[in-house]
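Colleague: Read top to bottom, the protein sequences are chains A and B.
When we follow this note's numbering, the leftmost residue of the first sequence carries the number 1, and every step to the right adds one.
When we follow this note's numbering, the leftmost residue of the second sequence carries the number 1, and every step to the right adds one.
Hints in this document: simulated from the structure, not taken from any laboratory.
Bear in mind the structure is a predicted one, so any value in this text is a computation, not a measurement.
No residue lacks a Cβ here, since even glycine has one placed at the ideal position from N, Cα and C.
Some hints could be false.
20 angstroms max Cα-Cα, derived SDA-like pairs, lysine to any residue [as the list claims (entries may be wrong)]:
1. 137/B with 167/B
2. 20/A with 509/B
3. 10/A with 495/B
4. 269/B with 256/B
5. 20/A with 490/B
6. 20/A with 495/B
7. 340/B with 591/B
8. 177/A with 234/A
9. 20/A with 482/B
10. 84/A with 152/A
11. 20/A with 494/B
12. 20/A with 483/B
13. 181/A with 148/A
14. 509/B with 24/A
15. 10/A with 490/B
16. 248/B with 298/B
Simulated restraints on C-beta separations [unchecked claim]:
17. 54/A with 584/B: 37 to 45 angstroms
18. 106/A with 398/B: 45 to 53 angstroms
19. 322/A with 498/B: 58 to 66 angstroms
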Amino acid sequence: MAETEEKLRKIAEDIYRSLKEGEIPQISVSSRNKENIVLDPRYLVWKYGDNFVTRSARSLDGAEYILKVMSVVEFIMEMRKTAKTSTLREMYYISEGWGLGKFHTQDESDILSEDLEVISSLKREDFNLRPEENGASIIGNLTIEEKNRKGEFKTINCRDDVGDGGYGIPYNVEPDKLRLKSVDADFVMAIETGGMFDRLVENGFDENMRSVLVHLKGQPARSTRRILKRLNEELKLPIYVFTDGDPWSFRIFASVAYGAIKTAHISNYLAVPTAEFIGITATDILTYDLPTDDLSEKDVQALNAELKDPRFQNDFWKHEIETMLQSGKKAEQQALAKYGLDYVTDTYLPEKLSSGGIID
Amino acid sequence: MVRKQPEVSVNREISISEFFEKNRHILGFDSAFKSLFMIVKEAIDNSLDACEEHGILPEIQVEIEKLQRDEFRITITDNGPGIDRKDVPNVFGKLLYGSRFHGMRQTRGQQGIGITAAVLYGQITTGQKSRVITKKKEDDVAYLFELGIDIKENRGQVFVEKPMIWDREHGTSVSITARGKYQTGRQSIVEYLKETAAVNPNMDLSFTDPEQKHFVLKRVIDIPSRRSTAVKPYPLGLELGEIQQIAKTTETMNLLDFLSQEFSRISRKTAGEIISISGMDEKGDPRSLAPEDIRKLMEAFRKVQIMAPPSDSLCPLGQEFIRKGLLNVYGDLHPSFYSKPVMRPPAVYNGNPFSVECGIVYGGDLPSDSQVTIIRYANKVPLLFQPGACAITRAVSETDWRSYGLEQRSGTGIPFGPMMVLVHVLGTRLPYTSESKEAIASVPEIVDEIKSALRIAGRSLKTYMNKKERRAKVMEKFRIVRELVPAIAAKSSSLLGQSEPDITSVISKIANVILVTETFAADDHGLTVTCQVYNYTTETAGITIIPDPPAGEISGTRKAWELSSIAPAGKAEFTFRLDGFQGKYDGTVYYFTGQDVTRVQGADPLPGDWDIRGPEIVEEEASGGN
Numbered sequence: 001m002a003e004t005e006e007k008l009r010k011i012a013e014d015i016y017r018s019l020k021e022g023e024i025p026q027i028s029v030s031s032r033n034k035e036n037i038v039l040d041p042r043y044l045v046w047k048y049g050d051n052f053v054t055r056s057a058r059s060l061d062g063a064e065y066i067l068k069v070m071s072v073v074e075f076i077m078e079m080r081k082t083a084k085t086s087t088l089r090e091m092y093y094i095s096e097g098w099g100l101g102k103f104h105t106q107d108e109s110d111i112l113s114e115d116l117e118v119i120s121s122l123k124r125e126d127f128n129l130r131p132e133e134n135g136a137s138i139i140g141n142l143t144i145e146e147k148n149r150k151g152e153f154k155t156i157n158c159r160d161d162v163g164d165g166g167y168g169i170p171y172n173v174e175p176d177k178l179r180l181k182s183v184d185a186d187f188v189m190a191i192e193t194g195g196m197f198d199r200l201v202e203n204g205f206d207e208n209m210r211s212v213l214v215h216l217k218g219q220p221a222r223s224t225r226r227i228l229k230r231l232n233e234e235l236k237l238p239i240y241v242f243t244d245g246d247p248w249s250f251r252i253f254a255s256v257a258y259g260a261i262k263t264a265h266i267s268n269y270l271a272v273p274t275a276e277f278i279g280i281t282a283t284d285i286l287t288y289d290l291p292t293d294d295l296s297e298k299d300v301q302a303l304n305a306e307l308k309d310p311r312f313q314n315d316f317w318k319h320e321i322e323t324m325l326q327s328g329k330k331a332e333q334q335a336l337a338k339y340g341l342d343y344v345t346d347t348y349l350p351e352k353l354s355s356g357g358i359i360d
Numbered sequence: 001m002v003r004k005q006p007e008v009s010v011n012r013e014i015s016i017s018e019f020f021e022k023n024r025h026i027l028g029f030d031s032a033f034k035s036l037f038m039i040v041k042e043a044i045d046n047s048l049d050a051c052e053e054h055g056i057l058p059e060i061q062v063e064i065e066k067l068q069r070d071e072f073r074i075t076i077t078d079n080g081p082g083i084d085r086k087d088v089p090n091v092f093g094k095l096l097y098g099s100r101f102h103g104m105r106q107t108r109g110q111q112g113i114g115i116t117a118a119v120l121y122g123q124i125t126t127g128q129k130s131r132v133i134t135k136k137k138e139d140d141v142a143y144l145f146e147l148g149i150d151i152k153e154n155r156g157q158v159f160v161e162k163p164m165i166w167d168r169e170h171g172t173s174v175s176i177t178a179r180g181k182y183q184t185g186r187q188s189i190v191e192y193l194k195e196t197a198a199v200n201p202n203m204d205l206s207f208t209d210p211e212q213k214h215f216v217l218k219r220v221i222d223i224p225s226r227r228s229t230a231v232k233p234y235p236l237g238l239e240l241g242e243i244q245q246i247a248k249t250t251e252t253m254n255l256l257d258f259l260s261q262e263f264s265r266i267s268r269k270t271a272g273e274i275i276s277i278s279g280m281d282e283k284g285d286p287r288s289l290a291p292e293d294i295r296k297l298m299e300a301f302r303k304v305q306i307m308a309p310p311s312d313s314l315c316p317l318g319q320e321f322i323r324k325g326l327l328n329v330y331g332d333l334h335p336s337f338y339s340k341p342v343m344r345p346p347a348v349y350n351g352n353p354f355s356v357e358c359g360i361v362y363g364g365d366l367p368s369d370s371q372v373t374i375i376r377y378a379n380k381v382p383l384l385f386q387p388g389a390c391a392i393t394r395a396v397s398e399t400d401w402r403s404y405g406l407e408q409r410s411g412t413g414i415p416f417g418p419m420m421v422l423v424h425v426l427g428t429r430l431p432y433t434s435e436s437k438e439a440i441a442s443v444p445e446i447v448d449e450i451k452s453a454l455r456i457a458g459r460s461l462k463t464y465m466n467k468k469e470r471r472a473k474v475m476e477k478f479r480i481v482r483e484l485v486p487a488i489a490a491k492s493s494s495l496l497g498q499s500e501p502d503i504t505s506v507i508s509k510i511a512n513v514i515l516v517t518e519t520f521a522a523d524d525h526g527l528t529v530t531c532q533v534y535n536y537t538t539e540t541a542g543i544t545i546i547p548d549p550p551a552g553e554i555s556g557t558r559k560a561w562e563l564s565s566i567a568p569a570g571k572a573e574f575t576f577r578l579d580g581f582q583g584k585y586d587g588t589v590y591y592f593t594g595q596d597v598t599r600v601q602g603a604d605p606l607p608g609d610w611d612i613r614g615p616e617i618v619e620e621e622a623s624g625g626n
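Input sequences plus hints: build the corresponding full structure.
Modeller: Following this line, the structure appears as structure tokens:
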């Protein structure tokens with residue numbers, strides 16, 4: 001606790017000292033783009049490299065940025081004093097009252113709060129800031145304890161104590177809030193779309209295949225990735241990622257397995273380097289003869305960008321991306337319904353899993 | 001069987017009104033709406049021409065009354081010189097009255113067709129006579145006429161002619177009843193009147209529309225328009241028929257006199273050469289020249305040395321008229337920039353002298369997301385129709401405006417931006433695309449001259465934009481040192497519970513300049529501008545500031561302010577007034593002396609010659625007045 005305050009104070013102290021010593025105040029932040037992510041050999045995840053962006057009060061943008069950082073630090077210290085939390089969106093609206101330090105878009109305030117994590121090496125949760133959307137949901141024979149608003153830990157079994165929607169992942173999934181008690185399953189199946197998640201639930205894939213189903217809800221929220229990381233680390237469950245077959249889904253997998261570019265400063269805390277992609281691949285589209293859509297111009301751009309993305313520099317991804325570019329086609333998970341509603345659970349997933357050596 | 005005779009007589013009886021019916025479009029009377037417009041235009045053109053010729057400051061009243069659903073009475077009253085009683089039937093009742101071939105000058109009207117066509121149109125569509133009241137200064141009374149056109153005889157037919165008391169020293173009022181349609185918009189009578197007022201800032205104009213709405217545009221210049229002078233026709237610009245016409249009516253008795261007296265730039269010596277080249281007799285009678293003879297003369301014109309045509313017949317608007325006219329008519333759009341009007345020196349196409357003037361208005365409330373507005377004039381008459389066919393539109397489209405800071409895809413086409421461009425083409429014989437003079441033909445020489453004028457105006461726009469951009473940079477620095485750094489200091493110290501640090505040295509490191517900036521406040525009588533000079537250097541500094549407002553004039557005689565010894569982190573300021581300034585003020589341009597050029601932001605070094613308006617582009621000869 002005191003450590004958080006200390007780190008936040010230090011940001012203000014650096015600025016104050018510059019002013020006092022007659023130096024132009026500035027703040028340096030790791031540049032957060034794909035040109036500046038490197039593989040951390042210790043954790044096998046992608047983290048920021050040595051490129052920094054320096055914002056100086058010499059320019060108007062820089063001076064505004066520094067003032068905004070000061071305003072956010074002050075706001076966070078205030079919240080921590082009164083034990084309140086706020087959503088990122090609330091902070092954006094609260095900033096209306098910050099005069100020159102106010103944000104013009106929510107994007108701006110979101111990016112700045114991520115910058116602040118990088119600068120202070122703290123996490124958003126330390127700032128009492130949370131995203132407005134929570135994580136997604138879980139179904140499977142997993143027992144957890146979650147602290148409720150009364151401050152009591154409540155035991156929940158994610159198969160027996162929940163409805164069809166599953167267990168809703170809260171925004172804070174750290175041990176002070178959520179404890180993983182026990183699990184009776186062999187692996188975690190992380191699914192991109194709600195339709196496919198529901199299909200697997202309805203077909204009893206969790207029980208039949210002894211798995212925990214996690215709905216990613218598109219690009220997964222931080223808390224979703226964090227809980228996948230804890231399931232993998234603490235309960236030793238392997239993670240499989242099942243998505244659509246298009247360039248955006250490849251990025252979903254990359255953010256689960258390698259770390260996202262925007263949050264590379266906390267990759268070691270979010271990414272599961274052993275996670276495996278089980279489709280839909282470009283090869284699957286051909287092998288299973290799936291109904292397809294043509295790649296749009298944006299899709300092609302995204303694939304070409306992925307060819308240059310350091311996270312995709314291995315034979316498997318190079319092959320898949322190039323195959324997709326050649327065929328010019330993409331397919332959704334639910335295209336498997338071409339062969340019937342049970343095909344995905346009876347044939348496709350078992351085949352993919354056994355070829356990967358997970359099940360016999 | 002010989003049946004030809006009757007056919008010929010039928011042809012001969014094709015009346016002038018049938019001719020008119022068949023050729024309405026050529027004369028501009030091709031729709032109900034345009035017909036009303038043409039009546040107003042023809043009358044005003046004549047009024048302005050007459051006032052100009054007699055050095056009168058024009059006062060014109062236009063009234064349009066709605067009589068029935070599609071029947072209107074259009075009355076145009078001026079304070080012109082008045083028309084001689086005996087000329088009235090001819091002026092208003094005879095098509096092609098008067099021939100201009102013996103003296104060519106730059107005028108507005110369609111000589112000999114315009115107002116008669118309007119009278120004829122009214123007569124054909126409503127059967128009503130036109131009413132004319134006119135009074136000359138030397139007459140005690142005015143005369144009222146009710147007249148029409150005897151179509152068979154092509155002459156005016158006067159039904160009523162009587163003296164009347166008219167409360168005017170001199171003037172003419174024409175009242176025509178005609179079928180038509182009244183409308184507003186880009187191509188309308190109101191727009192025509194506005195555009196006319198823009199180039200005639202010495203005119204008082206009032207207009208009452210069919211709904212009894214009243215518009216008034218007051219004059220802002222008290223100088224009569226410069227009178228155009230008539231010149232003899234220039235031989236190289238003439239068609240065969242025109243020479244024939246001159247020959248038919250000449251009073252000279254022999255070919256040598258004919259050539260040397262009826263045409264400009266032909267001396268007796270040159271005339272002799274022409275006659276000998278064409279192999280004719282210098283004693284020959286010009287009235288008996290056959291078309292074949294004229295053709296020979298025309299060939300000879302090209303074989304001898306003939307000087308460029310005289311350009312003293314050209315009568316430009318002049319910079320003051322353009323600037324004040326635009327300000328008067330479009331001032332309510334609060335443009336932030338008026339380019340210095342550009343006047344090109346006279347040029348020649350096909351033997352005819354012409355010239356181009358243009359002006360640019362930029363910013364303010366002009367829409368920034370639509371195409372620029374092009375206001376076209378030919379011989380001081382607004383051109384509202386056929387923009388696509390016009391040399392002016394073409395020249396604007398073929399100019400690359402991107403380098404002057406406007407949006408224009410691929411560098412051709414009409415650019416986008418908050419701009420109006422006024423182009424005036426003037427000449428004794430402009431090439432129009434049709435008889436109704438709606439657009440100027442795209443003759444290469446004319447298009448090129450317009451483009452040259454536009455480029456000069458464009459460069460002055462660019463200069464203005466650069467200054468604006470530099471001013472924006474200064475404002476940024478100013479915000480940093482005046483607002484943001486103090487705010488950062490306050491926040492960081494309150495966060496840490498410390499006292500606020502002294503930021504002077506950081507500020508001088510960030511700025512390290514003398515910043516010139518300003519604030520201004522408008523009131524009912526004008527604008528008060530306060531110029532602040534901040535010294536963000538580490539030493540005491542002195543500077544002299546010369547303000548140059550983009551619009552309006554500094555009130556009083558003081559033009560420069562010397563500010564001595566401003567302490568580091570200190571400030572000095574002074575105030576001046578722009579009396580009478582209304583609208584959106586876009587900021588003063590400041591010049592300075594007495595400081596290192598690199599140490600000042602927000603002001604430009606004073607040009608050495610004290611000509612703070614910058615170099616003239618083309619000096620106009622005799623600005624507007626007589």
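Colleague: With reference to the structure, classify each hint as holding or not holding.
Modeller: Taking the hints in turn, this is what the structure says about them:
no. : hint                                 : in the structure
1   : 137/B with 167/B                     : 12 angstroms, holds
2   : 20/A with 509/B                      : 13 angstroms, holds
3   : 10/A with 495/B                      : 11 angstroms, holds
4   : 269/B with 256/B                     : 9 angstroms, holds
5   : 20/A with 490/B                      : 12 angstroms, holds
6   : 20/A with 495/B                      : 15 angstroms, holds
7   : 340/B with 591/B                     : 19 angstroms, holds
8   : 177/A with 234/A                     : 15 angstroms, holds
9   : 20/A with 482/B                      : 17 angstroms, holds
10  : 84/A with 152/A                      : 19 angstroms, holds
11  : 20/A with 494/B                      : 14 angstroms, holds
12  : 20/A with 483/B                      : 17 angstroms, holds
13  : 181/A with 148/A                     : 16 angstroms, holds
14  : 509/B with 24/A                      : 7 angstroms, holds
15  : 10/A with 490/B                      : 16 angstroms, holds
16  : 248/B with 298/B                     : 16 angstroms, holds
17  : 54/A with 584/B: 37 to 45 angstroms  : 39 angstroms, holds
18  : 106/A with 398/B: 45 to 53 angstroms : 46 angstroms, holds
19  : 322/A with 498/B: 58 to 66 angstroms : 59 angstroms, holds
Hint compliance for this structure: every hint is met.
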